[in-house]
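Here's the letter readout for the chains.
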Amino acid sequence: MRSGVGLAGLTLPTFLQARNSSLSSAASAKACIIIYTWGGMSHYESFDPKPEAPVDLRGEFKPIPTATPGMQFCEHIPLLARHSEKLAVVRSVHHKQGGHQQGMYVTLTGHDPVPGIKAKGRNNHPSLTSMLSYFHDPAVGTPAAIRMPYSMYDNGKQMAGEGAGWLGSKHDPILLRTPAGEPYGGVNRYTDRELNLLLNLEKERVSGRNALLEQLEGTLSARVGSGTAYDQLDHYRKMASDILLGSPVRKAYDLESEDPRIRAMYGDHMGGQSLLLSRRLVEAGVPVVQAVCSASDLAGGGGDNWDTHRDHFPKMKNRLLPVFDRAASALLADLEMRGMLEETLVVFLTDFGRTPKINGNGGRDHHPGVYSLVLAGGGIRGGQVYGSSDRKGAEPGSDPCSPADVHATVYRAMGINPDMELHDQQGRPFRICDGQPLPLT
Amino acid sequence: MIVAQGDDSGKSPEMLAVEAAGGLVLPLPGGGWEVEFHLRGRDALTDDGLKTLSPLGEVFSLNLRDTRITSEGLVHIGKLTGLRKLHLERTKVDDAGLAHLSDLKELEYLNLYQTEVSDEGLKHLSGLKKLQSLYLWQTKVSDEGAAKLRKALPSVRISLGLDLEKLAAAAPKPDPPESRESLKWLPHGGPAKPPSKSVPGSFIRVNFKNQGKEPVKLTWIDYGGGKKFYAEIAPEAVRDQTTYSQAVWLISDLSDKPLGYFVTGKKNANAFIPKK
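Just so you know, the sequences run in chain order A and B. Residue numbers for the first sequence, in our numbering: 656 to 1096. Residue numbers for the second sequence, in our numbering: -5 to 270.
Worth flagging that the hints you see were computed from the coordinates, not collected in a lab. None of these values were measured; they are calculated from a predicted model. One or more hints might be untrue.
With the C-beta cut set under 10 Å, the calculated list includes, among others, these residues of chain A facing chain B [what the hints assert, rightly or not]:
#	residue
1	A794
2	E837
3	G840
4	P903
5	D914
6	I917
7	D966
8	N973
9	R974
10	A988
11	G1018
Glycine residues also receive a C-beta, built at the ideal position from the N, C-alpha and C atoms.
This is chain A alone, in the form it adopts within the complex (with noise of 0.2 Å):
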């Protein structure tokens, strides 16, 4: 009847001792927004200049100062800068998995991967955005976690790693598309206009919930041909019916009813607009929202995506850092003013670093050897650094940590105790984090 996951079968009072148990009186987070910067974002040009390695190594943009003294980043994340004193900036993650799937999974799921992993996989070990939803409750027709813009592709190859896993199909956090701004290069967006069309339709349009269901698995069948159009076809139909019926999220989803001057903070720019719609998403009771910014496939569009192995100063400077740090900043902005980034875990994640030597091709190369990811909001302490990396930006210098150090981190802060057990269809135990919390709060 259910996934069969660890608390099936429970009523609602003992699952919400269940969830209880597993609260940590600190825990002041009640929602997350995950930021990921699909094919790995340089930790020289965002958060750890290193302005004292040689100059082969510490590229050609200089630091900054930021709100916090001694803190320093990057100069083409200025706006970003101004916020430091929301930021935990961890310094010293690092893994193995030196491929885009392999450190894309080991970052969203906290787990190394074994090979052969499939995206749709029921092996897989659920994402961050998955596992966290299974924890939340939200009102009917309100899906527990929602993902956007894109799904992560490599060579033509959806990754492994977004989903649910071993969680089931129905804490797949649904994919939707964000209807506004500019596209990311190297992305088709062709599906936006019908499905904005389907969304925009008024309640009263449509003559009943079976016509329009008919409807919208016409549409949406019709594409799945392509094989990259919806991944879970099933659960996104069923849910974007219930948004269509009149659900707060439907109203999230219409950016045009936000005010153009909150808009124009964020940036008329997939990215910004993705994170206006996370902003209002958790507005309107999502309780897990991940927006992917940058959406290309790596290997196969050559447009917007951190994998920036060629001309990687002006792909930074011109393209990835401008959208990201005017969105970003915007989002940290819009929550605090609103009252809600002490209630939303604002997490920053990314595959890898990128490596000290600039290549040939005036790139940087894959380093999971040291990188940075940031936490703000959520009863997180800003203005600090965890960590460090060494002298050339290679290994860590200090306090070492995983990605799953990491995630135990948000699942303190959103309450829920990463020692946790579940097990899955077959009865197998799984712990819901193998890391430790690191001391952000």
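Since chain A is already given, all that's left is putting chain B on it; use the hints.
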């Protein structure tokens, strides 16, 4: 959803009364309750419905965002003296309502953004010594009013938010379209051929103006030579399009018959789509 399958046994009559008023009751670790009306109670909750809260016992956290309650209803909230966190944002609450909150000595978080409160109402908060966070964006509270409260409560963090008028005024103005250069129109099938694909360049804006009597479609030729549809442009309409230098844009009619092309340069520009 997992919890939806549970039965209601184990819920006290007091819990059920709050739920009937549109609330969601959540037990907190270590005892006490958190009550939320902001999603399920948006339309259902009335001022009278707030009566259901004090029989519940210790309510530590209460969310009334977006509900239809008024200042009159806050008389019931004033009795919840254990309250630490109170969301009243985007309600009709005004200064009269704040008068009911002066006994909430445990209050640490109070959200009043987009309400009717003013400097006058803040006076009722000056005895809330444990208050740490106060949100007042889009209210009538002035900088002076906030400063006065800060004197009374030195540890409170008051957020007045961003001034959107100033934000809009400070935003960099794009150069006026009339001073821009015009991109050259390359008719389809004409002697001058556009490049077969776009090349990554720097960020610019182009105003595409349709001078014809029929709507046209605007399509970007991407870095691989593929076509990415962007927008339809109605007759006489202008599309302000962000793009990059060295980008190729295709103009076609609604049946996708190519009409011509523009190739962007390094500067913001106008692109006049001619009549057929």
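Results of checking the hints against the structure:
1. A794: holds (5 Å)
2. E837: holds (5 Å)
3. G840: holds (7 Å)
4. P903: holds (7 Å)
5. D914: holds (7 Å)
6. I917: Interface hint status for I917 of chain A: holds (7 Å vs cutoff 10 Å).
7. D966: holds (8 Å)
8. N973: Nearest chain B Cβ about 5 Å off; hint holds.
9. R974: Check passed: Cβ of R974 of chain A comes within 7 Å of chain B, closer than 10 Å.
10. A988: holds (6 Å)
11. G1018: Where the cut-off is 10 Å and the nearest Cβ of chain B is about 14 Å from G1018 of chain A, the hint is violated.
In this structure, the one hint that does not hold is number 11.
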